[in-house]
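Residue 27 is where the sequence shown starts when you use the numbering used here, and the numbers rise one by one after that.
Each hint should be verified, as a subset may be incorrect.
Here are the simulated lysine-lysine pairs, DSBU-like style, with alpha carbons at most 30 angstroms apart [as the list claims (entries may be wrong)]:
hint, residue 1, residue 2
1, Lys-155, Lys-170
2, Lys-155, Lys-227
3, Lys-221, Lys-52
4, Lys-155, Lys-133
5, Lys-52, Lys-152
6, Lys-187, Lys-152
7, Lys-187, Lys-133
8, Lys-133, Lys-52
9, Lys-103, Lys-52
10, Lys-133, Lys-152
11, Lys-133, Lys-227
Pairwise CB distance ranges, derived in the manner of DEER restraints [stated by the list, open to error]:
hint, residue 1, residue 2, range
12, Ser-50, Thr-218, 23 to 29 angstroms
13, Glu-62, Arg-213, 25 to 31 angstroms
14, Asp-206, Lys-170, 21 to 27 angstroms
15, Thr-156, Glu-178, 33 to 39 angstroms
16, Leu-64, Gly-120, 31 to 37 angstroms
Calculated from the structure, these hints are not laboratory results. Where is the CB? At the ideal position from N, CA and C, for every residue including glycine.
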Amino acid sequence: MRNVIMMLMITMVCVAASGCAGPSDKRGFVRLFNGEDLNGWVTQGEDNAWVVEDGILTVKRDVMDGKEHNFDYLWTKDTYGDFILDLEFKVIEGTNSGIFFRTSDLKDPVYTGIEVQVCNSYGRNKVNKTGTAGAIYDCLEPTKNAINKPGEWNRCVLTCKGSSVTVVLNDEQVIDMDLDRWATAHRNPDETENKFGRALKDFTRVGHIGLQDHGRPVWYRNVRVKRL
């Protein structure tokens with residue numbers, strides 16, 4: 027009985043701790059966002075514009091300037107290597123955001139993290155590496171433009187295991203990526219250039235998950251993760 031009580035106490039302490047995610051469900055997913063506050067998340071700057079409204083994470087600034095607020099991205103306190111991230115996001119015309127993962131330097135996320143693009147690309151016939159939702163930013167375009175209409179919720183499932191990265195957007199697999207194929211700095215396998223001064227295959231395989239504040243409206247909810 028004493029051992030049972032001790033285990034219950036340890037579990038309660040972990041759940042309450044600021045760096046711990048919530049309890050897992052039957053499939054092993056834990057909530058990263060509790061729907062009430064920013065518990066379990068951090069920013070690096072003093073101009074944090076992330077707020078919780080009606081159970082939803084969103085960015086609110088007096089002036090939506092469209093600038094990269096690199097120090098004001100929202101980061102998990104914990105780090106993740108192999109995992110499944112399952113969340114919903116909503117965009118409007120002009121939205122620019124991103125889901126960062128395996129980020130090693132929170133003060134330089136643009137060059138030390140990998141990004142799933144979050145933007146309004148609805149209705150566009152052509153896909154590309156920077157302006158289509160679901161792209162691995164600057165590295166790999168999605169196989170199709172699967173985003174819903176502006177104002178509608180989108181479900182994104184990001185799976186990382188070793189060098190494998192997949193993205194499923196609204197039940198459509200749009201990314202199937204092997205990081206080991208990105209073996210040269212500033213170069214994609216299709217011979218186009220990218221921004222990274224280090225080959226993606228050499229990036230750390232463990233890092234923080236983050237949501238980008240690019241000075242434009244964006245909304246996130248039902249953010250959960252499962253370690254693999």
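Taking the earlier hints as the rules, which of them does this structure contradict?
As far as the earlier hints go, 3, 5, 8, 10, 12, 13, 15, 16 are violated by this structure, in ascending order.
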